Amino acid sequence: MVVYVVMGAFFITPLIAMFEFSTRGNGENAPRTLEAWASIFKTPDMVDAITASLQLAAITSIAMLILLLPTMVWVRLRLPRLNRIVEFICLLPLTVPAIALVVGLRPIYVWININVTDSILALAFAYVVLVLPYAYRSLDAGLAAIDIKTLSEAARSLGAGWLTVMWRVIVPNMSSAILNACLLSVALVLGEYTVANLLNFENLQVAIAYVGLVSAGTSVAVALASLVFAFVLLMVISFIGRRRTPSLAAAGTDPQYLTAGQRT
Amino acid sequence: MTAAGTPAFSAAARPVQGGRRLPLSWLGIVPFAAYIALFLLLPSAIIFAGSFVNADGGIDLSNFTSINEPFIITSFANSLLISAISAIVGAFSGALLAYAIVTGNPNGLVRRGVTSAAGVLAQFGGVTLAFAFIATLGTIGFVTVFLKNIGIDIFANGVWLYEQSGLTLIYLYFQIPLMVLVFLPALDGVRPQWREATESLGGNMWHYWRYVAGPLLAPSFLGCTLLLFANSFSAYATAAALITQGGVIVPLEIQHVLVSEVGRSQPGLAKALALAMIVIVAIVMTLYSLLQRRTSRWLR
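Those protein sequences? They're chains U and W, same order as listed.
Under this note's numbering, the first sequence has 5 at position 1, and the numbering climbs by one with no breaks.
Under this note's numbering, the second sequence has 115 at position 113, and the numbering climbs by one with no breaks.
Because the hints were derived from the structure by calculation, they are not lab data.
In this text the structure is predicted, and so the values were computed from the model without any measurement.
Please note that a few of the clues may not be correct.
[Said to hold, decoys possible] A few chain W residues facing chain U, derived, Cβ under 7 angstroms:
#1 Ser27
#2 Ile38
#3 Ala243
Cβ coordinates follow ideal geometry from the N, Cα and C atoms, glycine included.
Next comes chain U alone, as it looks inside the complex (with noise of 0.2 angstroms):
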């Protein structure tokens, strides 16, 4: 019981602060107030990093289901030998620091930049990159629950084509893995800081640490916010895997997989 408290309280003390700090007014005895909050939207830096990061996470999950779910299901139909390996590459990322990562990263974004397109969006592609072990896991658990082989040979023996087979038989079968790996995508996305500022853009989290050099207020309610949001999402996941199939809560919380590597 006394483990419970004092874990307890070290856990949620930060959190009121963090509520308590921003609702602080100016001057000593000042009376609480919301002008932290409201100066979100009246930061223009702030607006523009809020809807960059959305749209990255948005981008973000959909490449990653467009690139991975594909190649998955076909390794497993066709070229089940480099099944091992395609999932060795995939949970590659947890063992390379995302800090060590971005600093391989740096060359191919100047290029990039040069010729390419100097949009914050163009973060997506090393952002695939770091969903991926997460998004792999998920699909992955997803995939073992139902039987593909028979599924595709079904609907091949019908007359289907492959496009058909993906988007009418496989997706449909797998919706609860799928949504599970585009909210840890997105969860992960808006969270993500290193990547972001070593390679000059700002995204929400670049946004806040750069804010709470000004107002400090504007930054803890901002943080605070995207916070609660995280928790939400999160929370979805455990819910979606706890009442469809427990396999899949085990995918999107088993914390090897989850949590290793995941400091961005």
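Based on these hints, arrange chain W on the given structure of chain U.
Structure of chain W alone, referenced to chain U:
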């Protein structure tokens, strides 16, 4: 395979021998392979190759010898120390919390609540975490002000939040929940029958922990501690948001070298530091997976 007869299938079925063309089914993984090559393998190759290129463009080991400079050695020492302390403290506190959960009702609300919360809090990192602690323990933070009002000045000997000790404390915020998540399965695998068997053989509490539960849980505990170590060793964002000056830990040193790359022209050094980090994390993670494999032997 009912798709037999399509060219792709018959090609795949044919053993690949000298002179034959590559089976068509390989084409299916080309987009994925190309993407990985471009955004994962190429950066890794750039780091590896670049760390051997010196400032004049020649190839030697000068980047690794400049790791020997005192300020870089210090940041490595700081990084290792912060990671080790936060891993060990996190491991013990997390194990304690996990043990409290295991001794409770396995289907109870407490267990479900704590594990869900741990799953969410273990994710909590980055800039947000730094601001959470600035709001809590910063010079005008919630707790600091509260304690000052009742006469306790936690910063009497200087503000320690923005240094190594503060960073260690902050890292515990995600280390403890992570430990709960990874250590819980091992604790769950310990059967009550083993304790009963020890007791019926005349053993007491000490004997049980020393000869039964301890040796069984040790590999898992050690492995989880290593995972925690790798976790805090790779952490960058929290430190970057908290400490605005100087390369206190290796990730900040990398940022420092990388960002001032134009002026000081040390592109090789950043890559050498990155390579050193990757090597350390890879070693730790390999040990971790070896220990996990050992644990899974008795964990069903």
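Structure-based check of all given hints:
{"no.": "1", "hint": "Ser27", "verdict": "holds (4 angstroms)"}
{"no.": "2", "hint": "Ile38", "verdict": "holds (6 angstroms)"}
{"no.": "3", "hint": "Ala243", "verdict": "holds (5 angstroms)"}
The structure shown violates none of the earlier numbered hints.
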